[in-house]
Structures are given as structure tokens and as C-alpha cells.
Amino acid sequence: MAVTGTERPAETMSETGTLSVEVWRGRDDGRFQSFTVPHRANQTVLDIVTWIQRHAEPALAYRFACRVGVCGSCAMTVNGKPRWTCRTHVGKVAVDGHLRIEPLRNLPRLKDLAVDMTPFFEKWQAAEGRFHPTKTRRDPLSTISPSSPKRQAADAGIECINCGVCHAACDVVAWNDDYLGPAALNRAWTLVNDERDGGKRTVLDAVSQGGGCHSCHSHGSCVEHCPVGLNPTRGIAGLKRMTLVGLLSGDAG
Amino acid sequence: MIEVRLYAAQRLSAMILAPLVIVHLILILLAVEGGLTAAEILDRTRGSIGWAAFYGIFVLAAAIHAPIGLRNVIREHTGWRGEGVDKAMIGLGILLFVLGGRAILAVVVG
Ligand code: SF4
Ligand code: SF4
Ligand code: FES
Numbered sequence: 001m002a003v004t005g006t007e008r009p010a011e012t013m014s015e016t017g018t019l020s021v022e023v024w025r026g027r028d029d030g031r032f033q034s035f036t037v038p039h040r041a042n043q044t045v046l047d048i049v050t051w052i053q054r055h056a057e058p059a060l061a062y063r064f065a066c067r068v069g070v071c072g073s074c075a076m077t078v079n080g081k082p083r084w085t086c087r088t089h090v091g092k093v094a095v096d097g098h099l100r101i102e103p104l105r106n107l108p109r110l111k112d113l114a115v116d117m118t119p120f121f122e123k124w125q126a127a128e129g130r131f132h133p134t135k136t137r138r139d140p141l142s143t144i145s146p147s148s149p150k151r152q153a154a155d156a157g158i159e160c161i162n163c164g165v166c167h168a169a170c171d172v173v174a175w176n177d178d179y180l181g182p183a184a185l186n187r188a189w190t191l192v193n194d195e196r197d198g199g200k201r202t203v204l205d206a207v208s209q210g211g212g213c214h215s216c217h218s219h220g221s222c223v224e225h226c227p228v229g230l231n232p233t234r235g236i237a238g239l240k241r242m243t244l245v246g247l248l249s250g251d252a253g
Numbered sequence: 001m002i003e004v005r006l007y008a009a010q011r012l013s014a015m016i017l018a019p020l021v022i023v024h025l026i027l028i029l030l031a032v033e034g035g036l037t038a039a040e041i042l043d044r045t046r047g048s049i050g051w052a053a054f055y056g057i058f059v060l061a062a063a064i065h066a067p068i069g070l071r072n073v074i075r076e077h078t079g080w081r082g083e084g085v086d087k088a089m090i091g092l093g094i095l096l097f098v099l100g101g102r103a104i105l106a107v108v109v110g
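Residue numbers (our numbering), protein chains in the order written: chain A, 1 to 253; chain B, 1 to 110.
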């Protein structure tokens, strides 16, 4: 539909019936609370949660910031699947006008729809997922060719918004507390391909511990769910290959 | 980097096992279809360095492959981790090697 100036498409404003929405309340021993929410065209799941918080249940706890798919803070479980709620249209996920919204899986619950992201970021650090500088501000900038294979490998994984959706989608994370998870390992993969990073060996050592990249089953649930279309499985396979080459060449071990 | 070593051993033993398992299955089919008796089979295996080597490698690869895989399964699906499970799996590897080795000796040396 063509939209000109400030005029909004008529259907955006009009209500098109109602949705029955179940929302998780409380912590681990909570329960679902049902709400009837007006259904509007182009409505996102985050719009639904916000509507409930503003009009029905002011005490509802949830987390969001940017509302445009950049900050990575709004992920929840929607009808059983982890999703970024601000960019998930209700029309695509509601089943017979019904939504069930729960906190993200594989992370400690805090209250209602908010989870504690601390373990997620701790694993990021455990995977050495931070830049290891080699230069000072007085050194000239490194010149990296955007078309070099290493840079392209790093670029392919760099747009992660830390939403935790892949972490929630991964069964190995659910089974093994020590598993670093797809997001942290994806970050490690971008670092070992970053020619400016001086910590390649440190990163490879970190992802070779128990619960590191070798624990991944390569079943691709992370790829399936990542909202920005990243492929952590490929990066993790790359880490496995690199550690193997390191072992065979006597570089690591 | 024990995890990398185990990963490498797991993949390598899998690569060795895959063709050996296929040959082994074809052999069983041929022996059964061909109606070979136990005595006829033993006739072919006794003193054969070839069969000893074939099944020797088979048993060694299986004794490496199975405990590493089972270690992963146990660590993922039970709370059992750490040294205890590692030791148990080394025990399993030795057990498989000894039992397999005994079976080979029985048909090759017998
Ligand atoms: S491919 Fe690996 S990281 Fe991705 S969901 Fe499966 S086990 Fe988890
Ligand atoms: S890899 Fe994708 S799903 Fe995982 S945290 Fe990053 S953006 Fe989210
Ligand atoms: S609110 Fe920022 S990504 Fe959804």
C-alpha cells in the first residue's frame, strides 16, 4: 500500500478483532495469565506486551529498548519459539488468534518475561569474546582489505545484536551448563578472523575447553532462529577446523 | 587441549570405522547367504594375518570411538561430569579392546 507524507494506511489504525494472549507471570513457579488484546494490522508481539502493560497489567515486567531490531533486548519465547518480539509480526506467529508469550529459554528467570542475561554475557567472556588489541593510539591504523577471505569470514558473523535467541534455541545449552553457546562462539569466530586481534591463540584455547566449540552438534537450530540471519554453526565448524589444524601442526595441544 | 584431542580421535576413528563396518556387514551377509558353516569360516580365518589386521584395526577404532561418544552423551544427559566419567570411559575402552581382542584371537589363532 502506498503511503504518502504523514498519512498512515487506514488499516494500521483500525482494529481487526481481538487476540487471546497468555503471558507468563512470576518466576520459575509462576503461571500463565490470560488477556484479551485488540488486534491491529502490522502489530508486533512487543506491541502486544506493551499494550498489556499499559492497559491491563501495569506490573508486567519485560525488557525492550530500541523497538527496531537493533538493541537485542526484547527476545522472548512466542508460541514455543525464541523470537525478537519487536520485529515479529503477530500475523505471522499467532495460531487461531492465540499467542503464548514466555521468557527466553536457557537463562535464569527474573520476573514475568524478563530473564537474567548475566550467564549469557559471562559465556561471551569465557570464550574470550573481546578484542585483544596489539597497537596503541600512536600507531597508524591497520589496513584490512574488505575482500580478504578472513575479513569476509569475520564480516559474516559480525552483525550479532546479542539478543540471546540462538542461546535459547540451542539444545546443547539446555543440556550442558558449561556449553559456551552459539553467540559466544560466533563472536570467537569473528575474532580469530580479525587480523587486528592479537589474541587468536587465547581465543582458540578458550573455545577448546570442555563445553567449547567441540560440544556443538551442528544441528543448526541457532541458524534457524537467528533473527538477523547469522550462521553460528558455520563459525563453530570453522573453530573446530582451526583447533584441529592447530593440534595437527603442533601449534596447540 | 584434551577436548581437541578427543574430537580428533573421534573423527579419525569414525573415518576408519565407516568402511570397515560396511565390509563387515557385507561379509556377514555373504557368509549367511552362502551357507558357510562355522568350521568353514574358521578355516578361512585361522592363521590369516589379513583378517587379524582387519579386525584388529576394527576393534581398536571401536574401542576409541565408543567411549568418547558415550562420554559426550553422559555429560550432556546426566549430571555426571568430571574425572569419574573420564575414568569410567577409559575403563570401557579397555574392556572393549580386551573383549574384541579375545574374539579375534579365538578365530585367528584358536
Ligand atoms: S548448531 Fe551448535 S550452537 Fe547451533 S543450536 Fe546446534 S548445537 Fe547449538
Ligand atoms: S547470533 Fe543471532 S540469535 Fe544469536 S545473539 Fe547474535 S543476533 Fe541473536
Ligand atoms: S527492542 Fe531492540 S531489538 Fe527489539
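FYI, nobody ran anything at the bench for these hints, they're computed from the structure.
Hints may be right or wrong, so weigh each one.
Output of the computed footprint for chain B on chain A, the stretches with three or more beta carbons under 8 Å from beta carbons of chain B [said to hold, decoys possible]:
1) 29-41
2) 65-74
3) 116-124
4) 181-187
Pairs of lysine to any residue, SDA-like flavour, derived with a Cα cap of 20 Å [stated by the list, open to error]:
5) A:Lys200 x B:Met1
6) B:Lys87 x A:Gln209
7) A:Lys92 x A:Leu19
8) B:Lys87 x A:Lys81
9) A:Lys81 x A:Glu102
10) A:Lys200 x B:Arg5
11) A:Lys200 x B:Ile2
12) A:Lys200 x B:Lys87
A virtual CB, placed ideally from N, CA and C, is assigned to each residue, including glycine.
Comparing the hints with the structure gives:
no., hint, verdict
1, 29-41, "violated (count 0)"
2, 65-74, "violated (count 0)"
3, 116-124, "violated (count 0)"
4, 181-187, "violated (count 0)"
5, A:Lys200 x B:Met1, "holds (15 Å)"
6, B:Lys87 x A:Gln209, "holds (18 Å)"
7, A:Lys92 x A:Leu19, "holds (13 Å)"
8, B:Lys87 x A:Lys81, "violated (39 Å)"
9, A:Lys81 x A:Glu102, "holds (9 Å)"
10, A:Lys200 x B:Arg5, "holds (19 Å)"
11, A:Lys200 x B:Ile2, "holds (19 Å)"
12, A:Lys200 x B:Lys87, "violated (32 Å)"
Checked against the numbered hints given earlier, this structure breaks hints 1, 2, 3, 4, 8, 12; the rest are met.
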